[in-house]
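Knowing the structure of chain C, use the given hints to seat chain P on it.
Chains C and P, in that order, are what the protein sequence lines are.
Numbering follows our numbering, in which position 12 of the first sequence is assigned residue number 12; successive positions increment by one, without gaps.
Numbering follows our numbering, in which position 24 of the second sequence is assigned residue number 1024; successive positions increment by one, without gaps.
If you're looking for bench data, these hints aren't it; they were derived computationally from the structure.
Incorrect hints may appear among the rest.
[Unchecked claim] When the alpha-carbon atoms are kept at most 27 Å apart in a straight line, the in silico DSSO-like pairs for lysine-lysine are as follows:
(1) C:Lys125 to P:Lys1125
(2) P:Lys1125 to C:Lys171
(3) C:Lys171 to P:Lys1171
[Unchecked claim] Some chain C residues near chain P, calculated using beta-carbon distances under 8 Å:
(4) Met38
(5) Ala42
(6) Glu63
(7) His65
(8) Thr74
(9) Leu107
(10) Gly110
(11) Leu113
(12) Met167
(13) Pro173
(14) Ile184
All values reported here derive from a predicted model rather than from experimental measurement.
Glycine residues also receive a C-beta, built at the ideal position from the N, C-alpha and C atoms.
There are 2 protein chains.
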Amino acid sequence: MTIPAPRQRKNREHRERVGLLMVHTGDGKGKSTAAFGMAMRAAGHGMRVVIVQFIKGSRDCGELHALRRFPEITLHRAGEGFTWEVRDDDRQAALARWGMERAAEALAAGVDLLILDEVHIVLDKGFYDTDALLALLAARPDGVHVCCTGRRAPQALVDAADLVTEMRLIKHPWQQKIRAQRGIEF
Amino acid sequence: MTIPAPRQRKNREHRERVGLLMVHTGDGKGKSTAAFGMAMRAAGHGMRVVIVQFIKGSRDCGELHALRRFPEITLHRAGEGFTWEVRDDDRQAALARWGMERAAEALAAGVDLLILDEVHIVLDKGFYDTDALLALLAARPDGVHVCCTGRRAPQALVDAADLVTEMRLIKHPWQQKIRAQRGIEF
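Next comes chain C alone, as it looks inside the complex:
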């Protein structure tokens, strides 16, 4: 895999730079959106970003259009649909393994920020082993940030994380029978 060269890397060797393991979990909105926002913010700072998007399969997705403007961001799509859409567990597990290989490659290639979108679902459903992911992340180079998203983050991942945010659903338009809005929710 090739990662485009960054535009600026001023702080590459900065001593205070620590690679954070971040977790966005909970049943509310904004877990993936905050991760994608973080990716674009990091790209704005000239950092190299790899996103592995598990589970989700939709192609009419505003994020994908937006990401085209960021050559610093590489997106690997390791999903074909949520578990109620793709019922073949072997296929889901194969896609998950493919995605984890992309993640391992990104870490080896010197990425600055790795986002594993919806990976918690992959782990929760047993499509990939949590301990294997933790081992991969523990062995990552110093200073590499990782952000994992999805409902039901495994406790072992929460325990290993530096920053954990729970997005809590307080009120949702589904409850008022308003359809998901293009550009806002997808």
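Quick look at chain P alone, frame taken from chain C:
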């Protein structure tokens, strides 16, 4: 104010389009990041976005660099620093009023998504009246989405909102004395 023309507006007249009032609150990370991610996603769909950023004053901010790639997004900076940085309440209130004027202009000019970043702090501190903001938002054109962020969303705003997400702090690197990381937290 001029808003750049959108690249595509296929769904402009779509009947099922409903203007959502969204609230990101809580003491966790990701409130603004998810809003900025939403802005970039909406821009990816060709929607016109205006962000009024209250309170925050920093200029070394990855979001600002990232937003330059989105001519659909107009940013108005109505802040100079958090309340512990700018202690002159009259000045904060004047900046808040200036920001609200930009918001009103955006609504009148036909924006698709209006983001009021950190506005909850403005309301909570009394720099602007919550009822005045609610009246402005209630009178907005059909189909215009609004997203408000910040800690301590006023209850009246939560009551009026269609979608409310609380970002809860579960674990934060400050607790482990790790410095805020460029590209990740700012």
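Structure-based check of all given hints:
Restraint check for Lys125 of chain C and Lys1125 of chain P: the C-alpha separation of about 45 Å exceeds 27 Å, so the hint is violated. Only pairs whose Cα atoms come within 27 Å are accepted, and Lys1125 of chain P paired with Lys171 of chain C is accepted, the gap being roughly 24 Å. This hinted pair checks out: Lys171 of chain C and Lys1171 of chain P have alpha carbons roughly 24 Å apart, not beyond 27 Å. Hint on Met38 of chain C holds. Least Cβ distance to chain P is approximately 6 Å, under the 8 Å limit.
With a least beta-carbon distance of about 4 Å to chain P, the hint placing Ala42 of chain C at the interface is held under the 8 Å criterion. Satisfaction of the interface hint for Glu63 of chain C is found here, the shortest Cβ-Cβ separation to chain P being roughly 5 Å, below the 8 Å cut-off. A cut of 8 Å between beta carbons decides the hint on His65 of chain C: the least distance to chain P is about 3 Å, and the hint holds. The closest approach between the C-beta of Thr74 of chain C and any C-beta of chain P is roughly 16 Å, which is over the 8 Å cut-off, so the hint fails.
Contact between Leu107 of chain C and chain P, as hinted, is not supported at the beta carbon level, the nearest pair being about 16 Å apart and thus beyond 8 Å. Because the smallest distance between the Cβ of Gly110 of chain C and any Cβ of chain P comes to about 15 Å, over 8 Å, the interface hint for this residue is violated. For Leu113 of chain C, the suggested interface contact is upheld, since its CB lies about 7 Å from the closest CB of chain P, less than 8 Å. Against a cut-off of 8 Å between C-beta atoms, the interface hint on Met167 of chain C holds, since the closest Cβ of chain P lies about 6 Å away.
Satisfaction of the interface hint for Pro173 of chain C is found here, the shortest Cβ-Cβ separation to chain P being roughly 5 Å, below the 8 Å cut-off. This hint holds: Ile184 of chain C has a C-beta 5 Å from the nearest C-beta of chain P, less than the 8 Å allowed.
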